[in-house]
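Residue strings, one per chain:
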Amino acid sequence: MLIRSPDDILPSDITPKDVYLNRRQFMIGSAGLLLPATALAALPARKSPFSTTEPANSRSEITGYNNYYEFGTGKDDPALYAARLKTRPWHIVVDGEVEKPRSFGIEELLKYPQEERIYRLRCVEGWSMVIPWIGFPLSSLLAQVRPTSKAKYVAFETALRPGEMPGVARRVLNWPYREGLRIDEAMHPLAILAVGLYGDVLPNQNGAPIRLVVPWKYGFKSIKAITHIRLVETQPPTSWSQAAPDEYGFYSNVNPAVDHPRWSQATERRIGEFLKRKTLPFNGYGAQVAQLYRGMDLVKNF
Amino acid sequence: MLTLAANLARPSPRQFSWLKGTVFLLCLLPLATIAWTVSSGTAVNPIEYLTRALGVWTLRLLLLTLAVSPLRWLGAPGWLLRLRRMLGLYTFFYGTLHLLSYLWLDKFFDWPAIGHDLLKRPFITVGMLAMLQMLPLALTSTDGWMRRLKRNWGRLHRLIYPLAICAVLHYWWLVKRDISQPALYAAILALLLAWRLWQRWPRRVQ
Chain A
1 MLIRSPDDIL PSDITPKDVY LNRRQFMIGS AGLLLPATAL AALPARKSPF
51 STTEPANSRS EITGYNNYYE FGTGKDDPAL YAARLKTRPW HIVVDGEVEK
101 PRSFGIEELL KYPQEERIYR LRCVEGWSMV IPWIGFPLSS LLAQVRPTSK
151 AKYVAFETAL RPGEMPGVAR RVLNWPYREG LRIDEAMHPL AILAVGLYGD
201 VLPNQNGAPI RLVVPWKYGF KSIKAITHIR LVETQPPTSW SQAAPDEYGF
251 YSNVNPAVDH PRWSQATERR IGEFLKRKTL PFNGYGAQVA QLYRGMDLVK
301 NF
Chain B
303 MLTLAANLAR PSPRQFSWLK GTVFLLCLLP LATIAWTVSS GTAVNPIEYL
353 TRALGVWTLR LLLLTLAVSP LRWLGAPGWL LRLRRMLGLY TFFYGTLHLL
403 SYLWLDKFFD WPAIGHDLLK RPFITVGMLA MLQMLPLALT STDGWMRRLK
453 RNWGRLHRLI YPLAICAVLH YWWLVKRDIS QPALYAAILA LLLAWRLWQR
503 WPRRVQ
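For the protein sequence lines, the chains are A and B, in the order given. In terms of the numbering used here, the first sequence is residues 1 to 302. In terms of the numbering used here, the second sequence is residues 303 to 508.
Don't read these hints as lab results, they were simulated from the structure. Every residue gets a Cβ at the ideal spot worked out from N, C-alpha and C, and that includes glycine. Some hints here could point you the wrong way.
[What the hints assert, rightly or not] Facing chain A, a subset of chain B residues (Cβ under 8 Å, in silico):
(1) 316
(2) 349
(3) 395
(4) 425
(5) 427
(6) 445
[Claimed, not checked] Pairs of lysine-lysine residues, derived as DSS-like cross-links and limited to a Cα-Cα distance of at most 30 Å, are as follows:
(7) A:86 x A:75
(8) B:409 x A:276
(9) A:75 x B:422
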């Protein structure tokens, strides 16, 4: 009879002594990993006068119908696959034409005074929603790095994680996703960095852990899962205008008078409504933002 | 088993009407699932879903209609040919519902806006062209018209080729960026049309 010698037990198979002695603690700690990934933490926020009084869309509408091509081009792909994105640890590097370039950890940004901003969102595809974001003005982040006089534009970049983002395997867009604003647009009080939705931290399919929200522009300008913000002197390239320059411009302000080359932008379907609504210039935020574009030809600068 | 297989290849009139009834109901299945999805509220944007799903099923049925001849050549039983008219009429039925969903739920019969779309938006133009070409085919699908038109019936029904190209273009020009789905339908259509060209190619008699 062959008795196996015990030397086939590798040292790595043996539980370290400290783990063995604290095995009950170890089990309790592991239980936390079994919590569903959808359990979101609450995020307190104060109300804002910038919020619309229109009824907000439901959480399931907002989290189940998304354009987020990093996870696939279908509207339900982000809800299916975005949970794979690891949002901790997370840092945003802010550099370029600034006096104090630095990196911001997400925990630090979550401690900023947060506001609830109930905004209309108008997608370039012709549908719209009302969304209760939680966030803080982009300007309060930019002020900390002290933009120089050369900082004329702000360029944003989304994380690029092929292992966690199944959609980037196909070059539907030029990854990583890029967006940009003019500095005065970025400093406008309506432009926010959102970290929450409906009283909780942001779900992954809506751009967790941090995204831009620019309510007077088509939705694709509001870039998700930001890892890099660079202040630059010249107008930065943006993903959609690179993909189809004649269809998606740098400004992309909501404008019922300027049609997309392939469909009308005069009306929109608010999700949950049967009849279509008339689309409003600057998505109804004209009183606040129209002066940013005084003297500009908005047909040429679409 | 063997008799069942033999029966499927050469069904009795009674068996054929059962087959026909089954295919008739199968063709209604997509409509039933679409209606269920819309009415149950599982689609976030139900009207967009309705229009898209009806369009996609029109295209699928159109390609299925065009696949009958090559399938027959590959050895499919002869009764398939006798179901082709029904497949064609179902294509027209789904296409009409698709068009109606656009005219009604998307445009609310705003005729100036529809006219504007037709002139300015190539994907609408080719979509409407496909529907217009389908109309005479549906109208002349009866035995009476087949007899009356004689040889011209076959000539007229060759309209299915340009209309199929229009239908695929309609889909291709509609999508924003990811053309993988229309490209798939275009590839299938290309295959179905290539087979016909190859069949008609003059060959030297041995």
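For each hint, the structure was consulted:
1. 316: violated (45 Å)
2. 349: holds (7 Å)
3. 395: At 24 Å from the nearest chain A Cβ, residue 395 of chain B fails the 8 Å test, so the hint is violated.
4. 425: Result: holds, 6 Å to nearest chain A Cβ.
5. 427: Hint violated; residue 427 of chain B Cβ to chain A Cβ min 11 Å, cut 8 Å.
6. 445: violated (42 Å)
7. A:86 x A:75: holds (21 Å)
8. B:409 x A:276: Within the cut-off at roughly 9 Å; holds.
9. A:75 x B:422: At roughly 27 Å apart (the allowed maximum being 30 Å), residue 422 of chain B and residue 75 of chain A satisfy the hint.
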